[in-house]
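The UniProt record's numbering applies: residue 1 is where the sequence shown begins, and numbers increase by one.
Worth flagging that the hints you see were computed from the coordinates, not collected in a lab. Among the hints, erroneous ones may be present.
Claimed, not checked - Quick list of in silico lysine-lysine cross-link-like pairs, DSSO-like style, CA-CA up to 30 Å:
| hint | residue 1 | residue 2 |
| --- | --- | --- |
| 1 | 401 | 154 |
| 2 | 480 | 165 |
| 3 | 480 | 462 |
| 4 | 339 | 477 |
| 5 | 462 | 477 |
| 6 | 497 | 462 |
| 7 | 497 | 472 |
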Amino acid sequence: MLHRWNFVVVNGEEAHAVQAAPPMASRRLRAFKRWMKSQGIEFSDAIEFTDCPEQGISVRALCDLKGGDVVAQIPKTACLTIKTSAAREMIEAAGLDGSLGLSVALMYEKSLGQDSPWAGYLQLLPSQECLPLVWTLEEVDSLLCGTELHETVKEDQALLYEDWKENILPIVYSAPLKLSPSLFSVEEYFAAKSLITSRSFEIDEYHGSGMVPLADLFNHKTGAEDVHFTSHQESDDDADSDNTDNSKLSKISGENKKALGAASTGENLFFHGDSESLSVFGDDPVMLEMIMVRDVISGVEVFNTYGSLGNAALLHRYGFTEPNNPFDIVNIDLELVLKWGCSLFSNRYCRARLSLWRRLDYSGCVSENSEYFEITFDGEPQTELLTLLYIMLLPEDACHKLDISICMADKVNGCVGIILSEKHDITWDRSSEISKDLLLTEKVCSALLALADIRESCYGSKSINDDVEALKRCCMKERKLYHSLVLRISERTILEKLRTYATVGAQTFQTAKKKRMKRH
Numbered sequence: 001m002l003h004r005w006n007f008v009v010v011n012g013e014e015a016h017a018v019q020a021a022p023p024m025a026s027r028r029l030r031a032f033k034r035w036m037k038s039q040g041i042e043f044s045d046a047i048e049f050t051d052c053p054e055q056g057i058s059v060r061a062l063c064d065l066k067g068g069d070v071v072a073q074i075p076k077t078a079c080l081t082i083k084t085s086a087a088r089e090m091i092e093a094a095g096l097d098g099s100l101g102l103s104v105a106l107m108y109e110k111s112l113g114q115d116s117p118w119a120g121y122l123q124l125l126p127s128q129e130c131l132p133l134v135w136t137l138e139e140v141d142s143l144l145c146g147t148e149l150h151e152t153v154k155e156d157q158a159l160l161y162e163d164w165k166e167n168i169l170p171i172v173y174s175a176p177l178k179l180s181p182s183l184f185s186v187e188e189y190f191a192a193k194s195l196i197t198s199r200s201f202e203i204d205e206y207h208g209s210g211m212v213p214l215a216d217l218f219n220h221k222t223g224a225e226d227v228h229f230t231s232h233q234e235s236d237d238d239a240d241s242d243n244t245d246n247s248k249l250s251k252i253s254g255e256n257k258k259a260l261g262a263a264s265t266g267e268n269l270f271f272h273g274d275s276e277s278l279s280v281f282g283d284d285p286v287m288l289e290m291i292m293v294r295d296v297i298s299g300v301e302v303f304n305t306y307g308s309l310g311n312a313a314l315l316h317r318y319g320f321t322e323p324n325n326p327f328d329i330v331n332i333d334l335e336l337v338l339k340w341g342c343s344l345f346s347n348r349y350c351r352a353r354l355s356l357w358r359r360l361d362y363s364g365c366v367s368e369n370s371e372y373f374e375i376t377f378d379g380e381p382q383t384e385l386l387t388l389l390y391i392m393l394l395p396e397d398a399c400h401k402l403d404i405s406i407c408m409a410d411k412v413n414g415c416v417g418i419i420l421s422e423k424h425d426i427t428w429d430r431s432s433e434i435s436k437d438l439l440l441t442e443k444v445c446s447a448l449l450a451l452a453d454i455r456e457s458c459y460g461s462k463s464i465n466d467d468v469e470a471l472k473r474c475c476m477k478e479r480k481l482y483h484s485l486v487l488r489i490s491e492r493t494i495l496e497k498l499r500t501y502a503t504v505g506a507q508t509f510q511t512a513k514k515k516r517m518k519r520h
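When you get a sec, could you build the whole thing from the sequences and use the hints?
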């Protein structure tokens, strides 16, 4: 399918009203645009790149953009991958692939300086992204203490050091390319890894992941994807269709059809790049595209989205956070729950109740060797956590009855429901899920409050109010401090919501209990 381009002027007529003049491009952006043209990378005149000293490069609309518009096309040959790098033979001979192999490719191309085919692109990139991965151990311990990232980042750093020592260091002294040790140091590897983690895209099965120039300039905004990255593979049906252009034209407003009619004849199309290469885009199966997925008005920044990620994941992978991120969560480790349990009961008691919970086919979230429970942005705990706490706090007779029910039941689903139905004088449907409200007994709510306090203690002696005041005094230039504070505050706010959830739950339980007593 031949995709139409947005453009500003056709035959002296405006295709879209431009509301703002394009900003002056910085020197590095001008160099990047020249490089893109040499590589056959095309981008629409309807977008412009801005370079802000504090916030970096962003992409904004120079005129109204519509869903379905193609705003950029990037040949796969212009992407920096293991397959396209001059270090390919060395990397493949060493048996390296994935992000490890791509890191070597990136370090090698950076080591070539201006001799690298990607020099015009690489000069646009920072030396490294400000991910926790490249923070010092002291910074990780002081800024991330108590957060979901604290131990994860330290584990990452240890694993990456081993990767460098076992896989990259031997290449430096044995490769036929005479590599400079200083340009392939552990610091350079961590820097390359930070760029790949935050900027690479999955291209296709052959190339794997790679650095995609231009595509990585679109900033992230949670839940607000304006443009989508895709690999263009044209089908024969699309290529043979006589209605392709007409269907595209039907999406354009009537006032612009005259201008676009001229465009369909190929007259005076204004675009960036090599005009000869544009004509073959429709038949090129090795082209990547950036396609608008919703309308964006003139003058507004055009965003990509990296997924529905909470602040811990955003900071970990991309080096930034978003205030009031609806995808934020806090994890409560199973070990922390057992620690609470052992403060009230014996270790043997807690392990027996945990075993009973598992026999009911329950489990928490699992990541490598860790099992945990998620608390949502609204402070609501997983049903699995509530069920575990409920079983932990069951009287011995009820627990014994539950144990027998499990042994005798063909299916364990509904066993807890039977206990709940008897305690709350309700009819239980075995096929239905357990209501969280029924699990929120006064004791379970007290347990949630205790768990919130234990989890809160992980952040150290400073209160959430101290963090809020520190954030007010902090500026965006202090990126590490700023984003770590946003993460700490977002997590601790969720714990406050968990406390509210437990308090309201206890009150609701007491009200329901009084109503049952009146009925009897």
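Here is how each hint holds up against the structure:
1. 401 x 154: 45 Å, violated
2. 480 x 165: With Cα atoms ~27 Å apart, residue 480 and residue 165 stay inside 30 Å; holds.
3. 480 x 462: 18 Å, holds
4. 339 x 477: Violated, at roughly 40 Å.
5. 462 x 477: 23 Å, holds
6. 497 x 462: 19 Å, holds
7. 497 x 472: Holds: residue 497 and residue 472 sit about 22 Å apart, inside 30 Å.
Checked against the numbered hints listed earlier, the structure breaks hints 1, 4; every other hint is satisfied.
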